[in-house]
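Visitor: With the hints as constraints, model all of the structure from the sequences given.
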Amino acid sequence: MVVLSDLLILCGRVYPRGSDMQKIKSLMTRQGLKSPPESLSDLGAIESLRVPGKHVTPDSYIPCLADLCKALWEVMLSYYRTMEWHEKHDNEDTTSASEGSNMMGTEETNFDRGYIKKKLEHGLTRIWQDVQLKVKTYLLGTDLSIFKYDDFIFVLDIISRLMQVGEEFCGSKSEVLQDSIRKQSVNYFKNYHRTRLDELRMFLENETWELCPVKSNFSILQLHEFKFMEQSRSPSVSPSKQPSSTSSKTVTLFEQYCSGGNPFEIQANHKDEETEDVLASNGYESDEQEKSAYQEYDSDSDVPEELKRDYVDEQTGDAPVKSVSRETLKSRKKSDYSLNKVNAPILTNTTLNVIRLVGKYMQMMNILKPIAFDVIHFMSQLFDYYLYAIYTFFGRNDSLESTGLGLSSSRLRTTLNRIQESLIDMEVSADPTATLTAAEERKEKVPSPHLSHLVVLTSGDTLYGLAERVVATESLVFLAEQFEFLQPHLDAVMPAVKKPFLQQFYSQTVSTASELRKPIYWIVAGKAIDYEQMLLLMANVKWDVKEIMSQHNIYVDALLKEFEQFNMRLNEVSKKVRIPLPVSNILWEHCIRLANRTIVEGYANVKKCSNEGRALMQLDFQQFLMKLEKLTDIRPIPDKEFVETYIKAYYLTENDMERWIKEHREYSTKQLINLVNVCLGSHINKKARQKLLSAVDDIDRPKR
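Quick note on the UniProt record's numbering: the sequence shown kicks off at 1 and runs consecutively.
Think of the hints as simulated: they come from the structure by calculation, not from any bench.
Check each hint, because a few of them may be wrong.
Claimed, not checked - Distance condition first, Cα-Cα at most 35 Å in a straight line; then the derived DSBU-like pairs of lysine-lysine: (1) K499 - K190; (2) K134 - K119; (3) K576 - K640; (4) K148 - K70; (5) K443 - K527; (6) K527 - K662; (7) K670 - K542; (8) K518 - K499; (9) K518 - K134; (10) K173 - K575; (11) K546 - K627; (12) K518 - K691; (13) K527 - K608; (14) K542 - K445; (15) K360 - K518; (16) K443 - K360; (17) K542 - K691; (18) K134 - K118; (19) K542 - K360; (20) K518 - K215; (21) K518 - K445; (22) K608 - K686; (23) K662 - K518; (24) K542 - K607; (25) K687 - K608; (26) K546 - K369; (27) K607 - K561; (28) K227 - K190; (29) K518 - K670; (30) K627 - K608; (31) K498 - K134; (32) K527 - K561; (33) K630 - K687; (34) K527 - K498; (35) K117 - K88; (36) K215 - K173; (37) K148 - K369; (38) K640 - K627.
Quick caveat: nothing in here was measured; it's all calculated off a predicted structure.
Guide: Here it is, written out as structure tokens:
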């Protein structure tokens, strides 16, 4: 048996030394104090522990770290047991002394015990300081940047557990350990993130933008990488520190392992063996629903009775699922092309990889909160690069801005410019004359990705790659939604001084994901309808007729036929991939807007036009609107007033037209000049014409 004085000698300088130790030993002998009953003969001084040197291999690093922590744990546990034993016996002796009558002896005994307790408590901090220094030497002695992600996370888990021990042992915040592991983590994470960005570029360049069929109830919390979030009641508290219940007291590691075991024992199967269940068998919740979902809305054919009946999956016992009946189809909006898989998220394999990567980043951040800003900054780069790739592949078109329709908001343009300047390496090859700083900056950037040659965006039969565009764009929107879901968790661990960065990332970048829909689907709308053919047909119309016409012109029928074909092709694409209602609405709005603007352009090409010809224009446009409203539920019809106002402006007097020209700057200079010229000779003379043309010129001058 080893008495307390032997324990003090064994532990060398970390315990009271010299006269203090002799005094404690003398007091113990005089008071008849004994050591804890269990043997402590296996305890050696912390200083006698030899920290493994540079010869530790990556394979042996974690076992050696665990062994080191286990040995240090035994030292601290022995000290804990000693203090616990003294506290227990002090209470017993105090109780028995209170029943006696020797007050002088009791006061002296209390003083002696208080002295011993004070010295033992003083040793707590000194022991923990030595523990930190031993582990720091080991941590910084190896470059961890070459470690696999799971191995590095396991190292973080061990150190996190050790810091928890320190907090329970002496209330320390473990600044030495935190600083050491932060240095290793930042170094590791920079290398890890750079590799992941390169991998993301490779994934994006090989992505064919086909749907990854996940179940309709898919949630990122079902992925292994996000299991840690289910274990945490709060994102700001480590799972290991979570109380089992709010009412019960938290069990410390010392209480848990006091009688046996070790918190640093490596579990052979420490990984979660639970399998994921997120993929659908064929992307559809119901084969029967799939078959009936795309029947024609106005079809007169009856739906087979077996498709109308409820059924129960014999293998799974799932609740009955209603098939889509003919009545249901008719009640749906004409612009809704997502009758099946209504709730199934649209994402690709690359999207899923990015989400998994975000989960891994958050795991590291959850274990080591001091590097939270670095991790969130790198997470934002994953989203930035994905967004930039979608724009580069499907939305970049120099002619978009010339439309003046504001397809790309100033916020979106600012975001894309920021990403290009901060993250995208636009240089083809390194400049040998570049400075060292410039070279370092290039290391932090990634080359711009290139769309796979397997993705064809030039075929009219597929609506110019609409299925791929939908999958790509809506996968970005889905990714943005997941970032929105994670925002409270990120905000909880972000340092207060860095919160503005997080807020700006969400307000300036994440929220712009849905804004990419407009420029991307505009490219499809601009090619889906043959607007040039319509202009040619309009040019052949005689507009200076002398009588009121009752029949509309053939260009209206040609345009409506184009829209009918567009509707059919949209239905065909929707059989391949779900087209969400916001997407179909944007497509229809773009096509109608372009058609109406083409109509105005056609009217602006007219050389001669009578009052009856203007009435014919109104007849044509009303016929177009009447038939168009049967094809789409979009209300109001986009740019309807744009056409009607231009037609009616023909009848304005000189003064009214001058005022009208100044108020309607949405029309081009050519359209305004043509309006003035056509009116010449009917109710506008040459002098008035010159005055009106000057008004047009005044409007056009600031644009130059």
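Visitor: Does each hint hold? Answer for all of them.
Guide: Hint check:
{"no.": "1", "hint": "K499 - K190", "in the structure": "holds (21 Å)"}
{"no.": "2", "hint": "K134 - K119", "in the structure": "holds (23 Å)"}
{"no.": "3", "hint": "K576 - K640", "in the structure": "holds (33 Å)"}
{"no.": "4", "hint": "K148 - K70", "in the structure": "holds (23 Å)"}
{"no.": "5", "hint": "K443 - K527", "in the structure": "violated (40 Å)"}
{"no.": "6", "hint": "K527 - K662", "in the structure": "holds (33 Å)"}
{"no.": "7", "hint": "K670 - K542", "in the structure": "holds (20 Å)"}
{"no.": "8", "hint": "K518 - K499", "in the structure": "holds (30 Å)"}
{"no.": "9", "hint": "K518 - K134", "in the structure": "violated (59 Å)"}
{"no.": "10", "hint": "K173 - K575", "in the structure": "violated (59 Å)"}
{"no.": "11", "hint": "K546 - K627", "in the structure": "holds (27 Å)"}
{"no.": "12", "hint": "K518 - K691", "in the structure": "violated (39 Å)"}
{"no.": "13", "hint": "K527 - K608", "in the structure": "holds (30 Å)"}
{"no.": "14", "hint": "K542 - K445", "in the structure": "violated (60 Å)"}
{"no.": "15", "hint": "K360 - K518", "in the structure": "holds (33 Å)"}
{"no.": "16", "hint": "K443 - K360", "in the structure": "holds (23 Å)"}
{"no.": "17", "hint": "K542 - K691", "in the structure": "holds (28 Å)"}
{"no.": "18", "hint": "K134 - K118", "in the structure": "holds (25 Å)"}
{"no.": "19", "hint": "K542 - K360", "in the structure": "violated (68 Å)"}
{"no.": "20", "hint": "K518 - K215", "in the structure": "holds (28 Å)"}
{"no.": "21", "hint": "K518 - K445", "in the structure": "holds (28 Å)"}
{"no.": "22", "hint": "K608 - K686", "in the structure": "holds (16 Å)"}
{"no.": "23", "hint": "K662 - K518", "in the structure": "holds (29 Å)"}
{"no.": "24", "hint": "K542 - K607", "in the structure": "holds (10 Å)"}
{"no.": "25", "hint": "K687 - K608", "in the structure": "holds (19 Å)"}
{"no.": "26", "hint": "K546 - K369", "in the structure": "violated (82 Å)"}
{"no.": "27", "hint": "K607 - K561", "in the structure": "holds (27 Å)"}
{"no.": "28", "hint": "K227 - K190", "in the structure": "holds (24 Å)"}
{"no.": "29", "hint": "K518 - K670", "in the structure": "holds (26 Å)"}
{"no.": "30", "hint": "K627 - K608", "in the structure": "holds (28 Å)"}
{"no.": "31", "hint": "K498 - K134", "in the structure": "holds (33 Å)"}
{"no.": "32", "hint": "K527 - K561", "in the structure": "holds (15 Å)"}
{"no.": "33", "hint": "K630 - K687", "in the structure": "violated (46 Å)"}
{"no.": "34", "hint": "K527 - K498", "in the structure": "violated (45 Å)"}
{"no.": "35", "hint": "K117 - K88", "in the structure": "holds (12 Å)"}
{"no.": "36", "hint": "K215 - K173", "in the structure": "violated (44 Å)"}
{"no.": "37", "hint": "K148 - K369", "in the structure": "holds (20 Å)"}
{"no.": "38", "hint": "K640 - K627", "in the structure": "holds (14 Å)"}
Taken one by one, the earlier hints fail for this structure at numbers 5, 9, 10, 12, 14, 19, 26, 33, 34, 36, listed in ascending order.
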